[in-house]
Amino acid sequence: MANQSQGPSSTISTEESSTLLDSLIDQLVKGLEDPGNYVHVEREHIEVVCSSVVNNFLAEPMILDLHCPITIVGDVHGQFFDLLRIFNRMGLPSEQQYLCLGDYVDRGPQSVELTTLLFAYKLKYPQNIYLLRGNHECERMCKRFGFQREITQRYNDPKVLDNFIFAFNHMPIAAIIDQKIFCAHGGISKDLLETDVTDLRAAIDAIPRPIDVPCSGLMCDLLWSDPMPGNSPPPVGWERTHPMGKFCYDKPVPFGILSPSIAHLKSTLEPPV
Numbered sequence: 302m303a304n305q306s307q308g309p310s311s312t313i314s315t316e317e318s319s320t321l322l323d324s325l326i327d328q329l330v331k332g333l334e335d336p337g338n339y340v341h342v343e344r345e346h347i348e349v350v351c352s353s354v355v356n357n358f359l360a361e362p363m364i365l366d367l368h369c370p371i372t373i374v375g376d377v378h379g380q381f382f383d384l385l386r387i388f389n390r391m392g393l394p395s396e397q398q399y400l401c402l403g404d405y406v407d408r409g410p411q412s413v414e415l416t417t418l419l420f421a422y423k424l425k426y427p428q429n430i431y432l433l434r435g436n437h438e439c440e441r442m443c444k445r446f447g448f449q450r451e452i453t454q455r456y457n458d459p460k461v462l463d464n465f466i467f468a469f470n471h472m473p474i475a476a477i478i479d480q481k482i483f484c485a486h487g488g489i490s491k492d493l494l495e496t497d498v499t500d501l502r503a504a505i506d507a508i509p510r511p512i513d514v515p516c517s518g519l520m521c522d523l524l525w526s527d528p529m530p531g532n533s534p535p536p537v538g539w540e541r542t543h544p545m546g547k548f549c550y551d552k553p554v555p556f557g558i559l560s561p562s563i564a565h566l567k568s569t570l571e572p573p574v
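Heads up: the sequence shown begins at 302 in my numbering, then just goes up one per residue.
No wet-lab data here; the hints were simulated from the structure. Possibly wrong hints are sitting among the right ones.
What the hints assert, rightly or not - List time: in silico SDA-like cross-link candidates among lysine to any residue, alpha-carbon distance up to 25 Å:
hint	residue 1	residue 2
1	K425	S352
2	K460	R510
3	K425	H346
4	K481	P370
5	K331	E396
6	K425	L333
7	K331	L393
8	K331	L400
9	K331	R344
Make a model of the complete structure from these sequences and hints.
Quick look at the structure:
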């Protein structure tokens with residue numbers, strides 16, 4: 302099990318950072334020329350990037366304030382070539398601002414390359430790319446849905462997974478764009494209706510770091526809850542659908558419990574409309 306409070310010791314110094322990051326980004330972006338094939342990333346580089354990006358995450362609040370224009374990216378789940386195609390079409394993070402809503406790992410075959418590239422871009426262009434945590438950026442999910450297996454096959458070193466988990470445990474979990482669009486991997490928490498939480502921003506920012514994804518409560522719901530279309534029984538459409546504490550909620554629910562200025566909710570789990 303990864304130690305939440307004590308991660309890898311390697312970090313990028315100011316002098317070394319530009320050269321290493323440029324080389325690593327260039328190496329990974331060239332994967333667009335060879336789709337479907339692994340791009341080998343040295344485990345030492347993974348350790349350095351994962352350790353260093355934690356400082357970037359800690360410099361940000363748990364809920365980010367962002368502004369348009371910005372491109373929002375949903376689940377990519379180890380589909381490295383798909384991420385490269387997004388960057389190729391929309392512009393690299395050196396020139397375009399991005400908000401990624403989580404679930405970078407598991408299921409797809411190249412979670413290592415995908416997550417390492419995102420972390421490297423976060424280090425190189427911290428004001429151009431913002432990375433939220435998804436429910437798969439969690440040790441137990443990584444061990445169940447493929448990321449651990451990928452790392453074992455490619456590195457046979459459990460410390461590689463520990464490095465990623467350490468970084469995941471420091472990621473922000475929500476964002477508000479132009480004071481109008483609330484973004485999270487999952488959705489709204491039922492706790493907001495059943496407790497005295499009146500300030501969503503303060504409640505999210507009060508979540509400590511490092512932290513694993515809990516099995517209930519505000520953070521769990523923000524990463525796990527599903528918006529669903531249609532009307533649900535009164536008083537409000539909440540339905541527990543997963544042992545992790547996951548709820549489905551009727552789409553009219555969120556806006557009355559966020560803030561008067563919030564008009565939209567963006568979630569990777571929201572069906573297209």
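How the hints compare with the structure:
1. K425 - S352: Within the cut-off at roughly 14 Å; holds.
2. K460 - R510: holds (20 Å)
3. K425 - H346: Roughly 14 Å between the alpha carbons, so the hint for K425 and H346 holds.
4. K481 - P370: holds (13 Å)
5. K331 - E396: Holds: K331 and E396 sit about 18 Å apart, inside 25 Å.
6. K425 - L333: holds (20 Å)
7. K331 - L393: holds (13 Å)
8. K331 - L400: Holds - the C-alpha atoms of L400 and K331 are around 22 Å apart, at most 25 Å.
9. K331 - R344: holds (19 Å)
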